[in-house]
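K.L.:
In case you want the letters, here they are:
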Amino acid sequence: MAEIRYAMAINRALADAMLADASVILFGEDVAAPGGPFTVTRGLQAQFGAERVRDTPISEATITGAAVGTALGGLKPVVEIMFMDFITLAMDALVNQAAKAHFMFGGQCSVPMVVRTPHGGGLNAGPQHSQCLEAWFGHVPGLKVVVPSNPADAYGLLRAAITDPDPVIFVENKTLYSMKGELADAPQSVAIGRARIAQSGSDATIVVYGASVATALKAAISLAAEGIAAEVIDLRSIQPWDERAVLESVTKTRRLIVAHEAVTAFGVGAEIAARVSELAFGQLAAPVFRVGADFMPIPFARSLEREYLPGEADIAAAVRRSLNWKPNARTKP
Amino acid sequence: MQIELSQQELLSLHQTMVLIRRSEERLSRLFADGEVPGFLHLSIGQEAVPAGICAALQAGDTVASNHRGHGHALAKGVELRGFFAEILGREEGLCRGRGGSIHVADLRVGMLGANGIVGGGLPIALGSALAHQVRRTGGIAVAFFGDGAMAEGVLHECLNLASLWKLPLIFACENNGWSEFSPLDRQFAAQLGALGNAFGIPSVQVDGSDVAAVCLAANRIVGAARRGDGPQILECKTFRWRGHYEGDPQKYRDADDLAAARNRDPLALSSARLVAMGISAERIGTFERTVEARIEAAVEAACLGREPDYAAAAADVYTQTAAGTHG
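Chains as they are written, first to last, in numbering that gives the first Met the number 0: chain A, 0 to 332; chain B, 0 to 326.
Everything labelled a hint here was simulated from the structure, so no lab data went into it. Honestly, I wouldn't trust all of these hints.
Residues of chain B placed beyond 12 Å of chain A at every Cβ, according to the derived structure [as the list claims (entries may be wrong)]: (1) D32; (2) P36; (3) E85; (4) L125.
Selected chain A positions facing chain B (in silico; Cβ < 10 Å) [what the hints assert, rightly or not]: (5) D29; (6) Q46; (7) T63; (8) A98; (9) D293; (10) P296.
A virtual CB, placed ideally from N, CA and C, is assigned to each residue, including glycine.
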């Protein structure tokens, strides 16, 4: 066991994957010689050479479309989209090409590619460098979407994503890059689609992913001081998501809160709330509550962004609201 | 450098063009009879381009196509019964009836798919060329696109990146003068050759109705790409005889334009050349009837195919269905 930062855990996963499999190649904007805007790919070009680790021009559509072609050509490309906001420029390649090739061509081929991309606010990066757009990709049949919350999972899930025969969007929260955590000396893959109980509890279930896991764990500490035992479930991936783990927890706690940094409306929380309501309505002692960002672009100013981002107090408040909910009580919208 | 084709080579090119022409004419009749679901975009009049270019390719080379892709698929050698079965929406189709005319693909012969998105095949072909380069397969990739795709941003991105990385990639433009329902002069302010110049990519313009000219030009530039000289542009001036899609009333097109198109019939040109080379019209006719018989057998077999199984399709969204719930 050694302590490692989240960014370096990703770096190590990339290096180990490239050592294990000569068909893994990396390309993206400033990933090679400069080592990546967040230093995630530092040293990889020196280690693996300029053929396998390449800087591209600022051409997101072609980076991503080329990943589809290289994957069809027998390689396993891992490409980087520098900020998740820029993935808007790669939507045809992801939605129309990568996601559909296996199905649309009758199962003739697979598209084993990974798109790594950072999302999330907290850096005052403004409306076009901070968005959490992962729900869009969860809506597209054919894509897998992974959002690791800590260094060990970042390593293990990225190894799984690179081995996976299907296209995977691997979402890294920018504020997590400096997070420290333990990584085994011989770390293993972490299966995509299996949630992790980050903290056990019996009073309410908080479902989270990515950076919101740490926020929920902090909320759980303040709730514990009030005598409320919250269970925190780290989804790890949102497409697919671990429905069984969530249902098992809800069966125990009878209360569910889904929290994420992304905008609440039409989000991951909406999907999970709807699904749990369909499958376990009778088990619920209160409505499912969602915690997410307000329906507005992420603002720039420190004061505005601070207020915009959902925090531990918002999650704790949602848990209390669930616990205090009375049938037939009118709740304020 | 080869400057002329042998009788045998020209005969083989002619055969490919007949295969494309008669297959599409057959599809047109099936469409009129209501047998073809969805849209059908025919490339009748443009056969010399895929025939000439694919004749210059080897089995391991790859092509990415567009919505008008029947010719590319047939010239690259896709299995004929599976081709028709796909367009008819049958389980026995190359894509098990999930893609149709706009998504015909046969990875076994390097056909990476027709494409419903104008310009969508360009970066895929570029990625395929990158795979050839990195894996040292000795192969090259071809991106077939029409003049309509010249206005798409990805073409400009791909020209740039292909040049920077000296990729073994052919940009094969079928310039038929029509971007769907609009003429080229209202769609594109530049010239493809000038664009190639700007990116340091050599380009050749060729009469896309002359299969021999296309093939000889393709042989040269395919050789250059394979040698490691980097990407190449081949712009073929060609003519679309039909509408953008079958059923298109083409009110935007005048009779002179259509007549001009029909005056440059690539099959008539190659027939005349074969006769001039001493092959009898009778022998050419026998040859064509053999192709027609092959097509008829394939269509008959395709029509006997089953409707695709919904549950099998729904279970095949991913290669590897992960733990957890997808939808």
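K.L.:
All hints are to be evaluated individually against the structure, with a verdict given for each.
P.N.:
Here is how each hint holds up against the structure:
no., hint, verdict
1, D32, "25 Å, holds"
2, P36, "15 Å, holds"
3, E85, "8 Å, violated"
4, L125, "5 Å, violated"
5, D29, "15 Å, violated"
6, Q46, "16 Å, violated"
7, T63, "7 Å, holds"
8, A98, "9 Å, holds"
9, D293, "28 Å, violated"
10, P296, "24 Å, violated"
Hints 3, 4, 5, 6, 9, 10 from the list above are not met by this structure, while the remaining hints are.
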